[in-house]
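Note that the protein sequences, when read in sequence, are chains A and B. In terms of our numbering, the first sequence is numbered consecutively and its last residue is 301. In terms of our numbering, the second sequence is numbered consecutively and its last residue is 582.
Worth flagging that the hints you see were computed from the coordinates, not collected in a lab. A hint or two may mislead.
As the list claims (entries may be wrong) - Pulled a few chain B residues facing chain A out of the computed Cβ check, cut under 10 Å:
no., residue
1, A267
2, L269
3, P289
4, D291
5, A295
6, F298
7, N300
8, Q306
9, F315
10, P316
11, Q318
12, R320
13, D375
As the list claims (entries may be wrong) - Partial list, computed: chain A residues near chain B (C-beta under 10 Å):
no., residue
14, Q195
15, A196
16, L210
For glycine and all other residues, C-beta sits at the position ideal for the given N, C-alpha and C.
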Amino acid sequence: MTSMTAIVATKTRKQIDVWRMVGRIFLVFMLLYTALPMIWMLLTSIKSGFAAMQLPPQWWPNEPTLASYQKLLDPTNSVGQDFLRFFWNSLFVSTATTILAVIVAVPAAYAFSRFDFPGRKFLFFAVLLRNMFPAVIFLVPLFILMRLLGLVNTHGSLIITYLTFGLPLAIWLLKGFYDNIPYQLEQAARIDGATRFQAFLLIVMPLSTPGIIATAIYSFIGAWNEYIFAYTFLNRNEQLTLPVGIQRFFSENTTDFPGLMAASFIMSLPVVVLFLLLQRYFVRALTEGAVKH
Amino acid sequence: MAHVVLRDLVKTYGSFKAVNDVSLTVNDGEFVALVGPSGCGKTTTLNLVAGLIPITSGEIAIGDRVVNDVDPKDRDIAMVFQNYALYPQKTVYKNLAFPLQMRRLPRDEIDRKVKEAARVLDMTHLLERKPRELSGGQQQRVALGRALVRDPAVFLMDEPLSNLDAKLRVQMRSEIKRFHQDLKATIIYVTHDQLEAVTMADKMAVMNGGFLQQYNSPAQVFAHPVNMFVASFIGSPAMSLIPLEASTVDGRTVLTGAEGWTLPLSPLNARKVQRSTTKKVVLGARHSTIKLTSHAAPGAIPARAYTVEPTGDVTFVQALLSGALVNISVAPNIAVAPDEQIWLEFDQERMHLFDGATEMALKVD
Numbered sequence: 009m010t011s012m013t014a015i016v017a018t019k020t021r022k023q024i025d026v027w028r029m030v031g032r033i034f035l036v037f038m039l040l041y042t043a044l045p046m047i048w049m050l051l052t053s054i055k056s057g058f059a060a061m062q063l064p065p066q067w068w069p070n071e072p073t074l075a076s077y078q079k080l081l082d083p084t085n086s087v088g089q090d091f092l093r094f095f096w097n098s099l100f101v102s103t104a105t106t107i108l109a110v111i112v113a114v115p116a117a118y119a120f121s122r123f124d125f126p127g128r129k130f131l132f133f134a135v136l137l138r139n140m141f142p143a144v145i146f147l148v149p150l151f152i153l154m155r156l157l158g159l160v161n162t163h164g165s166l167i168i169t170y171l172t173f174g175l176p177l178a179i180w181l182l183k184g185f186y187d188n189i190p191y192q193l194e195q196a197a198r199i200d201g202a203t204r205f206q207a208f209l210l211i212v213m214p215l216s217t218p219g220i221i222a223t224a225i226y227s228f229i230g231a232w233n234e235y236i237f238a239y240t241f242l243n244r245n246e247q248l249t250l251p252v253g254i255q256r257f258f259s260e261n262t263t264d265f266p267g268l269m270a271a272s273f274i275m276s277l278p279v280v281v282l283f284l285l286l287q288r289y290f291v292r293a294l295t296e297g298a299v300k301h
Numbered sequence: 218m219a220h221v222v223l224r225d226l227v228k229t230y231g232s233f234k235a236v237n238d239v240s241l242t243v244n245d246g247e248f249v250a251l252v253g254p255s256g257c258g259k260t261t262t263l264n265l266v267a268g269l270i271p272i273t274s275g276e277i278a279i280g281d282r283v284v285n286d287v288d289p290k291d292r293d294i295a296m297v298f299q300n301y302a303l304y305p306q307k308t309v310y311k312n313l314a315f316p317l318q319m320r321r322l323p324r325d326e327i328d329r330k331v332k333e334a335a336r337v338l339d340m341t342h343l344l345e346r347k348p349r350e351l352s353g354g355q356q357q358r359v360a361l362g363r364a365l366v367r368d369p370a371v372f373l374m375d376e377p378l379s380n381l382d383a384k385l386r387v388q389m390r391s392e393i394k395r396f397h398q399d400l401k402a403t404i405i406y407v408t409h410d411q412l413e414a415v416t417m418a419d420k421m422a423v424m425n426g427g428f429l430q431q432y433n434s435p436a437q438v439f440a441h442p443v444n445m446f447v448a449s450f451i452g453s454p455a456m457s458l459i460p461l462e463a464s465t466v467d468g469r470t471v472l473t474g475a476e477g478w479t480l481p482l483s484p485l486n487a488r489k490v491q492r493s494t495t496k497k498v499v500l501g502a503r504h505s506t507i508k509l510t511s512h513a514a515p516g517a518i519p520a521r522a523y524t525v526e527p528t529g530d531v532t533f534v535q536a537l538l539s540g541a542l543v544n545i546s547v548a549p550n551i552a553v554a555p556d557e558q559i560w561l562e563f564d565q566e567r568m569h570l571f572d573g574a575t576e577m578a579l580k581v582d
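Next comes chain B alone, as it looks inside the complex (with noise of 0.2 Å):
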């Protein structure tokens, strides 16, 4: 195994630029998951890793050596592909083999690493069926088991879940995540699924636009989202973002809504509107933490229900607030209906503030 280090890495295609200055560095064992909405450059930057194209500058390294200019074949690295990519003329045992042929290992050694995969991903008894008479779980599996037959330095796997069935998905995953603990195995793992990044990754490198927008823990980027992107891909339903305006009244620096009414903010978050490059400040909150209350309390603002939908152990209500719906969720039991008049207390601990003009996270060092 050995930890990669991506330095400064474009990619250009004419004048569009794919992939714009990243830099991050993969520790040796640590999954690393590049997430993002489709376009973002996560499945470039893979692609550049693995050296299937040419970058246009910066530098790859994986462990101590630097890869720009070594092939595929000799970067010592496994990858596993969207469509699989099983070489649909060899039998599942020959498409386990390949590798290690091209590698000249001796037959005997060959045959003993493919059965022992076999073995560990628990297909045996498929090893002499064609690719197409497998059904997706286990041509994923087939996919994982040739690159794991390799004993590479780096995995890569691209979006390898997409392709199968929700319920697949799920058990898929728990899959590779016990394999990641297992093997102690570096993996960069390329998914527009931010549940899957934060699900599985140790660290997750949130992508947009070409540009590296957080790297950092699932939990840290979870409850510190560095902008308004990364704060509204991660978690689901999306964070809440509406836009307020901040001014000082009687001293004390509330955030004003459309509807007039005004929110007064805690002394910390006072000092974080104070940094804001404008008067515009956008107000950040996941569903969980907006009170929802049937009656005006102190603090709440009033807004109107819009939508309700009930999932069974939780219910989703979007209500229209400032020209932003916002999502709260509540108890199954608190019945709310579609244009109702409800108030909502937002969290001051929790709630998250933008500079409205920048989208940068407002923060006080």
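Only chain A is shown next, with the shape it has when bound in the complex (with noise of 0.2 Å):
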């Protein structure tokens, strides 16, 4: 009887082995999948054009340069003065859509969670309404919109396009967090001497921080990336972001590799850094929402 069940027990133990290998592979080719056109990117952005256009290719640059680098950032000559423009108002774009999502998120998220107001259902319902369709459907609509709205060729009106679409996830992924606190800390804190507001701010926002920045780094990834909006809405060269910049920059001439994959990298920097920062905080955030303690 034991050696059967030993037997069996080894069998089970090889196949979970086999099963953890498998996934193990799996693994390794999806890091290689995702990894390798970074990387590449990487590689080209520091190759002479002449080098990037070479069959076969030079796997390892014979002679790495960071001229294409030196170009981008450089603001005396016009390519550097065209890039930085267009990093910054993506920067300026991505921040004030962030903060603005943060502004309306939270207390809207925290009526949702806390409050039994009339409607309450309905609105909730209604502000997920909107992800349930692509986002390409409300291209032309939106523009219709903005051109009524006077905001077309206007920074404004991107930060208004974005915040609609990245507002819902960031109610609905904050109110996870707020329907995790107890209320009974709330009242503690009231009975303790604190306002309903000051509950709020010295209780309850304190421990929701992960779901804000959260919230935050999901708002300004998703500006920071966009694309299809901002082609349609901005045409003057001096309000392009960079997504469109960029593609805009390197079709006009002869299509200069290294530079364009020095400015993806550039592009790509902040939300990596972002990310590397803070994204202790996003795997709680989305974790913590979904589990009750």
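Grab the two chains, each in its own frame, and use the hints to assemble them into the complex.
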């Protein structure tokens, strides 16, 4: 009997090992799939224009150079001027979107979580309804709306649009957070001498910091990477954001691949840095909102 | 410290009346337990006193001040919550300091008071820890500390012991009682555990369905329950309630069981029964007032043992009588087997009689 169970046990153990191996191979494949283009982007960005076009490709640049980066970041030449302006535009639009998203989402999520007001369910459903359709559907209607409002060719049109798309998930994410903060904490604070607002500010807000940070990152990345609305709403060169700017900028002349890759790399930097700094909050927000304690 | 007066307190949610015309006075320095089954309105009543939910009608006074429209922070109360509600991001020290900071006390005075409270509750070594690093009992103690650091007029406690394990609960029970004796604090304490109420409180307010059933000392409530609900709720095991029929045989008032036996009543009990609105009378008897014998005796009623539960120092026997289960406690050396024929003798002096229709206790003035 005991030898039988031992055999069965080793057999299942072996099966588990096989599945674990399969899983790891899959993960390695996924890692290569996502990381290789990034590495290639980085390698190309430090090649010369000629080296980038060579066939067979130089796997490792023979003469690595930072010339493309110098050109992009140099405000004295026209390329650098444009690029830095696009960067600044993107930063402004994304930061404004993020700040406004947090300012609106925090009280909205708190209200959805704590108060029972008429139309609460309907409103919450309405908030989520937006996310059930692909964003492109709204492209033409929003363009018409922006034209009526006189907002075409302004950064305001983008900020409003990004808020429309970013807020539903931000509110939903934060509501999950507030739902998990026991109401008794606020009651205790109010008995301990806080006003309702102080209880929110001093007790609830610090506890929901991970959620707020996650919301902010989410809004920022969404706005930073967005292409199609920026492409449609903005025409004037000095207003373009990075995704549109880079695309237009380099397709105008012959495609300067090292320059394009260097620009792409610089563009992905803020997102990567934000994520590395704050990813533990982001993960906490996504998991903590989901489970009851 | 201060007294608390509730006058005709009502709280409704839509058409549901959670608290129904509750009036009671908590004297200065008194420990009052609000006790009742879940959903009886006891926690709602406490939250009304705290000001955490608005009252529908009635009046609440703390000290001599009507506080109906006063913010919780200005009511001069402290509250201990069932789940302790410690601020998870703050250390124990900061948890205790928070109510003092909100009152803008000078920093050195806050420090002195926090350390004093920590010393009293024997948790000086825990001051730098976060709540999640504490055991349930320690968290309980911090919650208590946060309440007492402020020296409030009234302490409100909402089932503070129900999250603790049985052993710790007994220990904290005596600590809170000691705390009350030392501070002469006015305490309103909500619990669903009648044993907590009986052991700790000066007075207990038994609630059911939003109504205050009885408000008196535990001894009085135990000895003279006003109705069948209070009778069955207070005491463990519960008082047995046996539905019977009253009649007069040969000029004597007797109660007749469903099995046909009769129980002649003493003159005092007979006068009580005569006040019943119908012939239906419910006999209430606590386990310790029923005498169990293994043979027929004058006045003893035949019954059949149903279950036998030895607990060590006392054995509980349940018997079926007139459709009700009757609890009897006997000495552990008395051997009773399930389904055995037994005889029960009721103590006329200590039996309770209820009107079968109104469920109110029958009394003679």
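Structure-based check of all given hints:
no.: 1; hint: A267; result: holds, 6 Å
no.: 2; hint: L269; result: holds, 5 Å
no.: 3; hint: P289; result: holds, 4 Å
no.: 4; hint: D291; result: holds, 8 Å
no.: 5; hint: A295; result: holds, 7 Å
no.: 6; hint: F298; result: holds, 5 Å
no.: 7; hint: N300; result: holds, 6 Å
no.: 8; hint: Q306; result: holds, 5 Å
no.: 9; hint: F315; result: holds, 6 Å
no.: 10; hint: P316; result: holds, 4 Å
no.: 11; hint: Q318; result: holds, 8 Å
no.: 12; hint: R320; result: holds, 5 Å
no.: 13; hint: D375; result: holds, 9 Å
no.: 14; hint: Q195; result: holds, 5 Å
no.: 15; hint: A196; result: holds, 4 Å
no.: 16; hint: L210; result: holds, 8 Å
Going down the numbered hints, you'll see the structure goes against none, and every one checks out.
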